[in-house]
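Student: These are the residues of each chain, in order.
There are 2 protein chains.
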Amino acid sequence: DNTTSPHPTLDPQPSTLDSQAIYARGATDDKGQFYTHIKAAEAWSKTAGRPPVNLIFVIEGEEESGSENLEIFLEERAADLKCDVAVISDTSQYAPGIPAITYGLRGILACEIIVEGPSRDLHSGVFGGAVANPVNVLCAIVASLHDAAGRVAVEGFYEQVLPLTHEERKQFAELPFEEAAFLKELGVRGPHGEPGYSSIERRWARPTCDVNGIFGGYTGAGPKTIVPARATAKVTCRLVPDQDPAALTEAVRQHCEKHAPPGVRLKFTAQHGSPAFLVDPKSPYIAAAKRAVAKGFGKEPVLIREGGTIPVVESLKRRLGVDTLLLGWGQNTDNLHGPNEHFSLGDFHRGIKASAALWAELAKD
Amino acid sequence: DNTTSPHPTLDPQPSTLDSQAIYARGATDDKGQFYTHIKAAEAWSKTAGRPPVNLIFVIEGEEESGSENLEIFLEERAADLKCDVAVISDTSQYAPGIPAITYGLRGILACEIIVEGPSRDLHSGVFGGAVANPVNVLCAIVASLHDAAGRVAVEGFYEQVLPLTHEERKQFAELPFEEAAFLKELGVRGPHGEPGYSSIERRWARPTCDVNGIFGGYTGAGPKTIVPARATAKVTCRLVPDQDPAALTEAVRQHCEKHAPPGVRLKFTAQHGSPAFLVDPKSPYIAAAKRAVAKGFGKEPVLIREGGTIPVVESLKRRLGVDTLLLGWGQNTDNLHGPNEHFSLGDFHRGIKASAALWAELAKD
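Protein chains in written order, with the working numbering: chain A, 1 to 365; chain B, 1 to 365.
Treat the hints as calculated values from the structure; they're not laboratory data.
Just so we're clear, the structure is a prediction, and the values are computed from it rather than from any experiment.
Errors might be hidden in some of the hints.
Copies of the same chain look alike in the list, so a pair counts if it works inside one copy or between any two.
[To be verified] Simulated crosslink set (EDC-like; lysine to aspartate or glutamate; CA at most 16 Å straight-line):
| id | residue 1 | residue 2 |
| --- | --- | --- |
| 1 | Lys364 | Asp84 |
| 2 | Lys224 | Glu64 |
| 3 | Lys31 | Glu62 |
| 4 | Lys184 | Glu116 |
| 5 | Lys224 | Glu112 |
With the sequences and hints as input, model every part of the structure.
Tutor: As structure tokens, then:
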């Protein structure tokens, strides 16, 4: 899961089962989706005595609070976890009736930029014009992170970017996507972003540089005539293959330092970083997953990427050397993290079938 | 007064009188300074039966809370207040031993700029790159308010600016001013501002555009990966003669609208505006005040401007058609609004003498 929806203001519904769906926190994110794999293993055990491949289940309950212990677990138990491929069902279908395999995720780098000016807030009448204003300076630094066309202007930012292939662009363009409805649902007036790319490409496969929060000076009602002592911006860049979070964090730092005038102190704090994830869409594991999903859902899955970051995917690659198949059975509309979160019984059953088929497909390779 | 120092964290001292100074809230700002004029009138009455000119005293107690009723009073009682010139002692000497007449103040325009993007905070992984980020947009708008050299880039901003005369620049340059000490006291690393002007000129006689406060998105500890729904900046421009607050507020609005991309909604709110104030330093009133201050203080006053705004000065001009003599007897170091605010008895007595002399000087004209 990678949503920021607030937790429900209504009480979460007690777990209920109707003819259409199961309603509960975690129904789709992620107990319900995970449970399909348990049920698939159970089905194999009941009918064939055992699944056709060896399965190791890793069930983690801390994802919503930072997964602090997962990395330690993967490190300590790496020998026990040795495997050929990982499977995570924590994404979604592309849309109802359009099952999907997610073969790419964006990475991230996060930093905090603080600009410090005078040692205290100053009267803007008495001193304004003769001291660098930290908020104005911070705004200039943030503005300098993009060029006039909307590209990230940090030196070398795009150097390691793996371009979308012609085939990927064609596949993405063929996905059903109503831009007007998409924008309307978000409440924005029009599209925006890097020139030369579609909204889907911008979200899934192009890097970004977004301010997540900014504050400085007086934030109450009405005016207050000060030159603030400091200003802070929280910035994250979404990264794509093969951008290096550490190298680009350093590039962003240097960019900020270059754009800070001598009258201020710049404090740049690097926070977490995680590289993007990409499985070759032509890999045999993806091919096996495509056949399995087609069997379970009665329909060929589309190959998609997503714009968020699932850090464990990178950890699995780094710790165990394996790729991850991201097979989502739920829907974007399942209202995860919201009131009445649910998971369609149809998707639940199709997910079980796809999982069961996957073990068979993987056994063939 | 135009300071923003916080109110004292220590209890204000009970009013005390020692051989050097009177200590009390208002000792210098502004009961003590005002009282010199009462004492001067008293001295004239006791020695000559009455002052040599007609005096009207307007004593206002609401200056620190916005002077809401003063404008109404000036409007309703304009006929009773008819006069040739106004005198306000609410400024300071330039420095100890350097009495000053303030013949110019900066004006102000205040506005609030809100950039609205999506109808809710969005996940920066899922949506980042495909929607305009209101904080990034606001930063770009704020950055665009200045050019690379540090001049305000709003169209027409400098068109009505009355340039400093050669004589003014010479006078200001001759004032004792230690830039290194000035910067050190403020805690800033170096000078900053419009190229071609000294720190004094930048503060007293050049217009500015300062962000007083900014906020948007996540402002707690650590990162949060959102594209914020909105961002707000509070902006004030200090104005100089003959800039028009209303016209420039409109120019700033148009500038912001021009720099807002189509993917966002811009909400621009004009707040208060007040023009700058300037008395001809060669006017007969200034000449009379110079002679009076020289008599009271035993030293020729310097002619200075200040960077702040005293709105009543503009009201007196507009309502009564008169200029104001800003004659400050106190010191910048009197700690007004702070603990142990004080007013030197020497300055108090010299102020009384200067005031008494002023009535005589004005009677001559």
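Student: Work down the list of hints and note, for each, if the structure agrees.
Tutor: Going through the hints against the structure:
1. For the identical chains of this complex, lysine 364 and aspartate 84 are intra-copy neighbours only, at 13 Å inside a copy versus 103 Å across copies, given an alpha-carbon limit of 16 Å.
2. In this homomeric assembly, lysine 224 and glutamate 64 come within 16 Å of each other (Cα to Cα) only across copies, at 13 Å, whereas the closest approach inside a single copy is 40 Å.
3. In this assembly of identical chains, the alpha carbons of lysine 31 and glutamate 62 lie at most 16 Å apart only when taken from the same copy (12 Å versus 64 Å across copies).
4. In this assembly of identical chains, the alpha carbons of lysine 184 and glutamate 116 lie at most 16 Å apart only when taken from different copies (14 Å versus 39 Å within one copy).
5. Proximity of lysine 224 and glutamate 112 under a CA criterion of 16 Å is satisfied inter-copy only: 11 Å between copies versus 26 Å inside one chain copy.
In this structure, every one of the numbered hints holds.
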